[in-house]
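One line per chain: the protein sequences are E and B, in this order.
Under the numbering used here, the residue at position 196 of the first sequence is numbered 562, and the numbers go up by one with no gaps.
Under the numbering used here, the residue at position 156 of the second sequence is numbered 522, and the numbers go up by one with no gaps.
Derived from the structure by calculation, the hints contain no laboratory data.
Do not rely on the hints blindly, as some may be mistaken.
Identical copies look the same in the list; a pair holds intra-copy or inter-copy alike.
As the list claims (entries may be wrong) - In silico DSSO-like pairs for lysine-lysine, Cα to Cα no more than 30 Å straight-line: (1) Lys688 <-> Lys404; (2) Lys404 <-> Lys682; (3) Lys705 <-> Lys682; (4) Lys688 <-> Lys509; (5) Lys404 <-> Lys716; (6) Lys752 <-> Lys716; (7) Lys757 <-> Lys404.
There are 2 protein chains.
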Amino acid sequence: MSDRQAVHDYIVRNRQRFQDELFEFLRIPSISAVAERKGDTRRAAEWIGERMRTAGLEVSIHDTAGHPIVLGEWRQAGPGAPTILIYGHYDVQPPEPLELWTTPAFEPTIRNGRIYARGSCDDKGQLYLHVKSLESHLAVNGKLPVNVVVIAEGEEEVGSEHLMPFVRAHRDRLACDAIVISDTGMVGAGLPTIGASLRGLAYMEIRVQGPAQDLHSGSYGGAVLNPATALARIIASFHDAQEHIAIAGFYDDVDPAPVFRANMERVPHDPAAFLEETGSPLAWGEVGYSTVERLWIRPTCEVNGLLSGYTGEGSKTVLPAKAMAKVSCRIVPDQDPAKIARLFEAHVRKVAPAGVTVEVLELHGGRPWRARLEGALVEAGARALKYAWGKDVVYAGEGGSIPIVPEFEEVLGAPAILLGFGLPGENAHAPDEWFSVENYELGTTAMAELLFELEHYQRS
Amino acid sequence: MSDRQAVHDYIVRNRQRFQDELFEFLRIPSISAVAERKGDTRRAAEWIGERMRTAGLEVSIHDTAGHPIVLGEWRQAGPGAPTILIYGHYDVQPPEPLELWTTPAFEPTIRNGRIYARGSCDDKGQLYLHVKSLESHLAVNGKLPVNVVVIAEGEEEVGSEHLMPFVRAHRDRLACDAIVISDTGMVGAGLPTIGASLRGLAYMEIRVQGPAQDLHSGSYGGAVLNPATALARIIASFHDAQEHIAIAGFYDDVDPAPVFRANMERVPHDPAAFLEETGSPLAWGEVGYSTVERLWIRPTCEVNGLLSGYTGEGSKTVLPAKAMAKVSCRIVPDQDPAKIARLFEAHVRKVAPAGVTVEVLELHGGRPWRARLEGALVEAGARALKYAWGKDVVYAGEGGSIPIVPEFEEVLGAPAILLGFGLPGENAHAPDEWFSVENYELGTTAMAELLFELEHYQRS
Chain E
367 MSDRQAVHDY IVRNRQRFQD ELFEFLRIPS ISAVAERKGD TRRAAEWIGE
417 RMRTAGLEVS IHDTAGHPIV LGEWRQAGPG APTILIYGHY DVQPPEPLEL
467 WTTPAFEPTI RNGRIYARGS CDDKGQLYLH VKSLESHLAV NGKLPVNVVV
517 IAEGEEEVGS EHLMPFVRAH RDRLACDAIV ISDTGMVGAG LPTIGASLRG
567 LAYMEIRVQG PAQDLHSGSY GGAVLNPATA LARIIASFHD AQEHIAIAGF
617 YDDVDPAPVF RANMERVPHD PAAFLEETGS PLAWGEVGYS TVERLWIRPT
667 CEVNGLLSGY TGEGSKTVLP AKAMAKVSCR IVPDQDPAKI ARLFEAHVRK
717 VAPAGVTVEV LELHGGRPWR ARLEGALVEA GARALKYAWG KDVVYAGEGG
767 SIPIVPEFEE VLGAPAILLG FGLPGENAHA PDEWFSVENY ELGTTAMAEL
817 LFELEHYQRS
Chain B
367 MSDRQAVHDY IVRNRQRFQD ELFEFLRIPS ISAVAERKGD TRRAAEWIGE
417 RMRTAGLEVS IHDTAGHPIV LGEWRQAGPG APTILIYGHY DVQPPEPLEL
467 WTTPAFEPTI RNGRIYARGS CDDKGQLYLH VKSLESHLAV NGKLPVNVVV
517 IAEGEEEVGS EHLMPFVRAH RDRLACDAIV ISDTGMVGAG LPTIGASLRG
567 LAYMEIRVQG PAQDLHSGSY GGAVLNPATA LARIIASFHD AQEHIAIAGF
617 YDDVDPAPVF RANMERVPHD PAAFLEETGS PLAWGEVGYS TVERLWIRPT
667 CEVNGLLSGY TGEGSKTVLP AKAMAKVSCR IVPDQDPAKI ARLFEAHVRK
717 VAPAGVTVEV LELHGGRPWR ARLEGALVEA GARALKYAWG KDVVYAGEGG
767 SIPIVPEFEE VLGAPAILLG FGLPGENAHA PDEWFSVENY ELGTTAMAEL
817 LFELEHYQRS
C-alpha cells in the first residue's frame, strides 16, 4: 500500500472518532462576541491546542488583548521543503435566536447526513479536519510531506482585531510558501470548489441635518427642506435605470474578469431556488449580468440602514431634524475601499441639496481579493479536491468579504488558496447551522492529499 | 360711562386677580396623554367648571370614555338674540423634556412680560380669558349681549376623540349662530389676527418588503432589490425639480386663494428670523411661492419618519427585508384627505419597482378649512380686535391642522372664527411655553368687546 493510500485508509478507519472529537469541540460555546463566554472561548483555544499537540505538532498559545491565538507547528520536512500555513478560527457566532434551533446550538446532532451545531461549518469543522489530516499523516508515516504552521484565532466573528498585528509581529516565524484557508463553501453538493475571489467592503454612514431640531410638520412643512426627503434623493441617485452605480469613477478599477466569467457557465444556479432562499419577489440587479455574476464579480451600493424622525406606531406630525443612512459598497478587484469611500463622499456632496448639511463618515473598509487561478498552488488544490470527490473543481467567487485574506498575502508575501467545504444553505450565521458529514470526511481526505501534492511545491 | 367702558374698566381693575386665577389653572398638570394624570385632568375640568359657575354660567360636566367635557351656558339674552359657542381645551401637552424648561412647567412664572408655563398659551390662557370676559359682562351689567355656550374639552392634545360624537349627540343643545375659537396665534406682537385658513392632513405609511428576511449584504447584495433603496426612489419621486408635488391629480382641488394672497403682503415675515427659528440652512420649497405662502396656502408632502435595517452604532452588513416611511401631506382647501390618500397610494404603486412589494396604509386624515373673510362675523371680530389693539387685523393662514374646526361648522351649521392670541415662538408643544401678559389682558378685552359687537348679529 502506498503512503497516500495508508493515510486515506486511516481517515476512513477513524471516521467515528474524528466525528466524536469534533462533537466535543462543538460543545464548547466559544462565542467571541459575548463577554461571559470569554472562559469558554479560551477553553476552545486550549482544547484545539491540546488536539494539535496530540496529533504531533508543537503548540503555543498566545494571549492577545482579546482572545488567544493558537499556533501548531511541525518543521521537520527537511531542507528545501515548502512551508504551508493553515488558517482557521475556533470562535463562533452567537446562537440567538435560540428558539429557531431544531436541536440546541451546542449539542451537536446528526440529521440527514448533516452535523447540526453552532460552528459546525463556520469554522470548527473546517479547522478540525485540517488537524485530523495532519494527525493521519503523522500517525501513518511519522512525518508530513511539508512543514506546517496552523494558526487558529478566536476573534474571526468579531473582526479579527488582534490577528494581523500578531502576524506582523511574528512575520518571520509565520513565513510560508502558501496559505490554506477553509472557511468558505462549495457551489453545490458534490462540486469541489476553489475560491476565486472575495468582494471587499467600503462602509459609510450619511448624516443629513435639516432644521436644528424636529419641527411641527404643519407649522413649518413646505418651507424648509426635509432631511429625510433629501436623503431619499441622495440614495436614489446611487444607481441609474440599468442599476449601474452612478457614482463618478466608481468602476474605474473594476476588473471585468473575463477568464473567471467563462468558468461561470459551470456554476450551477437555480433561479427558483434563489428566490425561495431570499424570499425576494424577483431577481434584480445590474443589467447585462447574471445573478451569479452580480454576486461574485460586480460591485454593489446597498443601504444597510435608514433612520429619521418618528418610527413608532401611528402618526406623529414631525418634520425631522436629522436623517441617517448606512450604506456599504461591496467592491471587487482592483477597487480600493479608501478610494471608493472618497468617490462616494464626493458624489453625496455633489448631489446633496443646499437646504441641508451633509456629513459622510467612513465606518469600515476591507480590500477585495482575487485568487491566482494558474500555477502550482491552485493546481495542487484542484488535484487534491478531485482525488477526494472524483470531479473537476469549480472556481467560485464569494459575495462576502474576508479582509484577512489579502492581508495575509501582503504581510507574509505568499499566495492564499480558499478550499472551503460548506454547502449552500448551511446557515453559517443563522439558527440550525450544519456541516455535511460527507464533506467533513472528504475534506479531511482532500487536505491530507493536498500535503502530498505540495511536497515539491515551490512558490513561483 | 357706557356699558362697554365699564366692562373694560372692570377687566383692567381686576388684572392681578385674573392673572392669579390663571396661575392656579396652570398649576394643574392636566396632561391628557398620560394615564397617571387622569385625576389631574379631571381636576382641571372641575376647576374651570367652577370658575364658569362663579362667573355666572350654568355648568355641567359630561363624562366621556376619555376626559370630561365641560359646558357653561348662559341663555337669557332674550328673544332673537344670537347664540355664540366658544370652544377651548383645558388639557395640555406633556412637558418633557423637563430639563429644557427654565422654570418648572407647572409653576407659572412671569419673565419679560411673558407667563411661562405648560398650557399658558395652548390653551388654558386663551380659554380662561373668555371666561373672564364673560364674568366682566355679568359682573358689571348683570347680563351678556348674546346667549353663550362655552364648551371646554380635555382631549385636544390626544386627538379629540370624544368631542365630535358629543357635539353630534347634543346638536340641538349646542345649536348656535357662530363658533369662536381662541387656540391659534397672531402673526406678530401688536398685530391682531384673524385665522383665514387651516391646512388639513392626509397621513400615510409606506411599507416596502424586499426579501423575506434580512440577508447578508455580501452573500446577496447586488442580486435582489434592496427595499430601502426602493423606498428612497419612491420618496424621491414625490417632488419635481421645482418642488412641485409630482403626484398625478394632487393639485386638482387646490384653491389658488387669490384674495387671501393679496392680504399676504401685509404679513410681516423676517427671513433671518425664520432661519434662526428653524435652524435650517436655507428657506426652501415650491418655486413661485414665498415662505408664508408655502406655509399657509400650499400643500406639502413631507416624510415624518424612516426606518430600515440596522440603525445602531457602527457597521452591520445587512441587506434589509423591510423599509418603512411615514409620509404626510398637509392639504389646503378644497383638497380632500381621503382623495389625496388615494392619489398618493396610486402614485406609490405606479413608481414602486417590481423587485419589492409595497403596502400603503392610511393612518389619519383631517380636512382643511377656509374662513369666510366677508360678512358680519368676521367684521365683528375685526372691530373687536381693533378696539383692543388699535390696529387693523391681519388675515393669517395656519400651516397646521385643527380638524375640529370644519367638523364643528358642519355639525352645527354655523361659521367659525379663529381669534387667537399666541405669538411667534410661543413654544406651544415645546419647553418654555409662554403667553404674553399683554395679550392675555387685551384678548380678554377684545373678547368682551366681541360680545357687544355680536349683539345684533344674524347668521347670513
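Checklist entry - Which of the numbered hints above does this structure break? => result 1, 4, 5, 6, 7
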